[in-house]
Structures are given as structure tokens and as C-alpha cells.
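Chemist: Sequence:
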Amino acid sequence: MKAFRPAVLALGILAALPAFAQVNVSVDAGKPGAVINKNVYGQFAEHLGAGIYEGMWVGPESKIPNTRGWRNDVVKALKELHVPLVRWPGGCFADEYHWRDGIGARNKRPVKVNTNWGGVPESNAVGTHEFFDLVEMLGADAYVNGNLGTGTPQEMAEWIEYMTSEGDSSLAQLRAKNGHPKPFKVDYFAVGNENWGCGGNMRPEYYVDLYKHYTTFMKAPKERLPKFIASGGHDEDTTWTDVLSREAARGTDAISFHYYTLPTGVWERKGAAIGFPESEWFSTMAGTLRMDDYIKRNVAILDKNDPQKKIGFYVDEWGTWYDVEPGTNPGFLFQRNTIRDAVVAALNFNIFHQYADRVRMTNIAQMVNVLQAMIITDKDRMLVTPTYYAFQMYVPFQGATSLPVALSNNATYAVNGRGVPGISASAARGKDGKTYVALVNTNPRDATDVVLGVAGQSVNAVRGQVLTADAMDAHNTFERKDAVKPSPFSATAAGGKLTIKVPAKSVMVVAVEG
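The numbers in the sequence shown follow my numbering, run straight up by one, and end at 514.
Quick caveat, the hints were computed from the structure, so don't treat them as lab data. For each residue, glycine too, the CB sits at the ideal point set by N, CA and C. Treat the hints with caution; some may be incorrect.
[To be verified] Listed next, the in silico PhoX-like pairs over lysine-lysine satisfying Cα-Cα at most 20 Å (straight line):
| id | residue 1 | residue 2 |
| --- | --- | --- |
| 1 | K227 | K212 |
| 2 | K76 | K485 |
| 3 | K310 | K212 |
| 4 | K434 | K31 |
[Said to hold, decoys possible] Cβ-Cβ distance ranges computed for the label pairs, FRET-style:
| id | residue 1 | residue 2 | range |
| --- | --- | --- | --- |
| 5 | D380 | V113 | 41 to 51 Å |
| 6 | V113 | F217 | 21 to 31 Å |
| 7 | D209 | G331 | 43 to 53 Å |
| 8 | W267 | S170 | 44 to 54 Å |
| 9 | P65 | P488 | 25 to 35 Å |
| 10 | K212 | Q308 | 17 to 27 Å |
| 11 | V111 | K219 | 31 to 41 Å |
Work out the full structure, taking the sequences as your base and the hints as a guide.
Modeler: What follows is the structure, given as C-alpha cells:
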């Protein structure tokens with residue numbers, strides 16, 4: 001589904017483009033495309049700040065209600081989000097993580113220093129067994145990121161054996177001794193992370209040799225062999241995808257990719273999470289829409305080197321990245337989460353759906369208390385964010401069949417002579433047989449009327465939810481946990497036409513009723 005290319009205007013100069021009063025959105029229900037993999041809505045939990053410790057893990061002895069150490073309130077909220085997959089233990093942390101430090105009696109595990117994130121002690125209280133306990137409670141797939149940067153082929157191979165083997169294997173017996181006689185279900189395994197940067201500052205040509213070296217020795221019973229992910233590139237760099245898809249195609253199930261949205265585009269001063277000007281709302285919209293072009297370029301390379309489409313393109317780190325909250329540890333990457341973040345999330349969902357045949361997994365960074373989080377905690381308190389609600393509203397798209405969407409007469413949201421598309425749209429046939437349509441309004445000031453048509457299906461009404469707010473930086477707090485939350489929405493056809501008023505700065509997901 002590639003009818004809508006939202007990044008076309010994102011980087012261009014606006015040339016007298018009018019803000020039309022009415023946008024036409026046409027869905028072709030008779031031309032189903034690729035299935036949207038449920039793991040496009042994957043999550044990411046790194047040993048970073050309060051992302052795991054306190055945020056999710058409090059230990060069995062904590063007064064905060066928990067199940068085997070995992071917070072009951074957080075697990076319940078994540079289950080209601082239908083989390084399909086969790087990536088762990090990093091991130092940059094993965095390339096300094098040694099799995100044997102995280103098994104056995106927790107009171108005997110070595111305490112290390114988390115040199116990547118804040119220089120704080122890492123207790124190793126959450127290790128392999130605890131992680132799989134979490135994903136089993138969530139009913140989610142497990143994505144384990146291996147240590148290429150400071151590890152060895154033997155260490156990585158033995159971790160795979162520890163997790164997947166059974167019978168007389170010494171490592172299987174050790175796993176049983178540590179409380180889990182049956183093998184774990186490892187769905188995905190990545191060899192390193194950001195090896196162009198924190199994972200070793202490597203060239204792709206050097207990494208691909210290491211990747212082939214390590215994966216040669218990573219063995220498991222056929223029925224428990226995970227999908228192997230090669231650590232790929234980021235931003236506009238396509239060389240990693242090219243080298244990996246040419247040199248390591250055999251046995252590689254996917255190549256990863258990372259892209260973060262910064263309002264300023266400058267890492268040293270990214271921009272504020274709240275209290276920002278409209279110019280930074282706009283630059284955030286324009287910046288996140290670059291995702292479309294970045295995916296398109298990498299997919300073109302994959303289509304050339306892998307025409308059979310065996311290799312997936314996994315955007316396993318994405319999201320907004322702002323200056324940290326004042327007064328917090330800079331290494332903990334804590335930031336407020338506003339309606340702007342929900343709009344960014346939905347724009348990316350709509351882009352990912354367009355490339356459903358290649359983009360079979362993405363992982364927002366991150367799940368709790370870090371960057372564009374779903375959940376924020378403070379000791380025994382918890383709240384969910386606008387981004388959480390965006391993920392929840394899009395649950396019907398998990399495993400749905402993508403449908404072509406065409407926009408005409410699209411509005412333009414413009415600031416200082418530059419413009420982006422005012423409306424983003426996506427559609428799919430859900431597993432329940434219903435047609436779902438997602439609409440996003442990038443304009444923080446003005447509502448837009450959308451005329452919806454579905455070829456091959458009558459449209460008498462739509463019913464669903466809308467998420468919006470009065471202020472550009474509206475966010476939930478412990479004093480006002482429901483300041484930003486979805487509201488019911490419905491519209492009925494009149495005179496043979498169905499018009500939807502999409503509020504300013506909003507996300508909407510509706511089901512079509514015939």
C-alpha cells in the first residue's frame with residue numbers, strides 16, 4: 001500500500017498550497033495488500049534509568065503489589081495494550097551485557113556499573129528468567145538482543161543453548177536448576193546493536209564478517225530456532241542495508257534500522273518535551289515524516305538484493321527524543337509525553353502500514369519511563385501516556401490486511417513557508433472482518449473535514465475513538481491522569497456522503513459500518 005507518501009511535502013518549501021476545507025480519503029476494499037504483522041506494534045525495554053527497575057521490576061519483597069517481582073499495575077496496563085513483542089536487554093546496554101551475570105540466585109549475582117546510562121549500579125536482578133516470565137505474563141513474543149560488542153561467539157552460542165536446549169545438555173540442566181526445566185521460546189535474536197556506534201564503531205563490511213562468524217555457531221533445535229536479526233543502519237545511511245543484504249542474506253531473517261525524531265534535528269539541543277513553540281510542533285511533524293523516505297530507500301535496496309522478500313526490515317528503535325526533564329539524571333532519558341507524541345506515533349503507524357510486506361516489526365523506545373514511554377511511574381504511582389492510547393486505538397491493525405488508500409485535495413499544515421500534509425490516513429481489514437480507517441490531523445490549530453469513501457463497500461456510518469487535546473503540550477500527570485484520553489466518536493452518512501470532522505492535533509481510528 002503505497003498510495004500515500006506523507007514525506008513528499010515534509011522537507012519542501014511551500015508553494016502557495018491552499019488549506020482546503022475538505023479532504024477526500026478513498027479506500028479500496030477490493031484490493032487487499034500485505035498483512036500488517038502484529039509486531040509492528042512491538043515494545044522495547046532496556047536496562048536504562050527507571051525503564052525496568054522501579055518502572056516494571058520492584059522485586060518480590062516490595063510493598064508495591066507485584067507478581068514474582070513484576071508490578072501488577074504495569075503488567076495489567078501492558079496486557080490491556082495487547083503488547084505483541086518485547087525487545088530486551090538493549091539498546092546500547094546489550095553490547096555490554098553478559099547473560100551469565102543474570103542467572104542463578106539474585107542475591108549472588110554480580111553488581112556491575114551501567115556505563116551507558118547514568119553510571120549507576122546494575123544489580124542484574126532482571127536476567128533471562130525474569131524477562132521470559134514477563135513476556136509469558138504478557139502473552140508477548142520475546143526479542144533478545146545479543147552482545148556482539150564485548151562478547152564472544154562462544155558466549156552468544158551458549159546463551160542460545162541455555163535458552164533453547166533440553167535433555168542432557170549441561171546448559172539445559174543449569175536452566176532447570178535455575179527454575180525453568182522447559183526451553184524458553186526465543187522468537188527473535190539480534191546479533192549486536194548499533195554496531196556503527198555504541199556497539200563498537202564498526203564499518204558495515206567489518207560487522208558483516210563478525211555477524212556471519214557469530215551466527216555460524218548459534219544453533220538450536222529446528223522448532224526453537226529464533227529468527228536472526230542483523231544490526232543495520234540509521235537515518236539516511238543505507239550502506240548497512242546494502243552490505244548486509246548482499247553479504248549475509250543466507251540465514252538472515254531481518255535487518256534492523258533506527259530513527260529518532262528530534263524537534264531541532266540537533267543532538268546537543270533536541271528541544272523541550274513541554275512548553276515548546278508551534279515551530280517545534282511543526283518541525284517534529286516534518287522530522288518524523290522523514291521515516292517514509294528512509295524506509296522507501298532501504299526497501300528499494302532490499303528489493304534489488306532480495307527480490308524474494310525473505311529479509312524483513314525491522315525499525316526496532318524509533319520515537320521522539322527530547323531534552324531530558326530538568327532535575328533528572330541525564331542518563332535516564334526521562335521526558336514528558338504529550339498529545340504531540342501520540343500524533344507522532346500514529347503518523348509512524350500509517351507509514352509502517354504502507355510497507356507491511358517488508359516492515360514486519362518495529363519497537364518504540366521505550367516501554368516505561370524512558371523516552372516516548374507508554375507508562376510513567378513514581379514509586380507506587382502509575383499513569384498511562386497519550387502514546388499509550390495511540391497504541392491502544394491501533395490494536396485492530398495488529399494482524400489486519402492492509403488496504404490501499406488515496407488522498408485528494410489534501411489540506412496542508414504550514415509554518416514559516418514550509419508545509420506538511422494536513423491529513424495522514426491508513427486502512428485495513430481487521431481479523432474480525434471489519435474495515436478500519438485511521439486518520440491523523442497534523443495541524444495543531446484547525447480541524448479538517450474528511451469525506452470518506454470505501455470502494456466495494458457501502459459506508460453508512462463510522463464508529464470508534466478520537467484522541468485530542470486543547471494544548472499542543474497537553475499531557476497526563478499524577479494529579480490529572482485522564483487529562484488526555486480517547487473519547488467515543490461516530491458519524492453517519494448524509495445525502496450519500498460520509499463526512500468526518502477530524503479535530504486539530506488528533507488521532508482517530510474508526511470502524512466502517514455498511
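Chemist: Hint by hint, say whether it matches the structure.
Modeler: Now for the hints, and whether the structure bears them out:
1. Simply put, K227 and K212 have alpha-carbon atoms about 14 Å apart, close enough for the 20 Å limit, and the pair holds.
2. Pair hint K76 plus K485 holds up; C-alpha atoms about 18 Å apart against a cutoff of 20 Å.
3. As the CA atoms of K310 and K212 are separated by approximately 17 Å, the hinted pair is consistent with the 20 Å bound.
4. As the CA atoms of K434 and K31 are separated by approximately 15 Å, the hinted pair is consistent with the 20 Å bound.
5. At about 28 Å, the beta-carbon gap between D380 and V113 misses the expected band of 41 to 51 Å.
6. For the pair V113 and F217, the supplied restraint of 21 to 31 Å holds, since their beta-carbon distance comes to about 29 Å.
7. Checking the proposed 43 to 53 Å range against D209 and G331 shows it is violated: the Cβ atoms sit about 32 Å from each other.
8. Roughly 46 Å separates the CB atoms of W267 and S170, a value that falls within the hinted 44 to 54 Å.
9. Distance hint check: the CB atoms of P65 and P488 are about 31 Å apart, consistent with the given range 25 to 35 Å.
10. Separation of K212 from Q308 is about 20 Å and conforms to the stated range, judged on CB atoms against 17 to 27 Å.
11. The supplied range of 31 to 41 Å is met by V111 and K219, whose beta-carbon atoms lie about 32 Å from each other.
Comparing the model with each numbered hint stated earlier shows that hints 5 and 7 do not hold.
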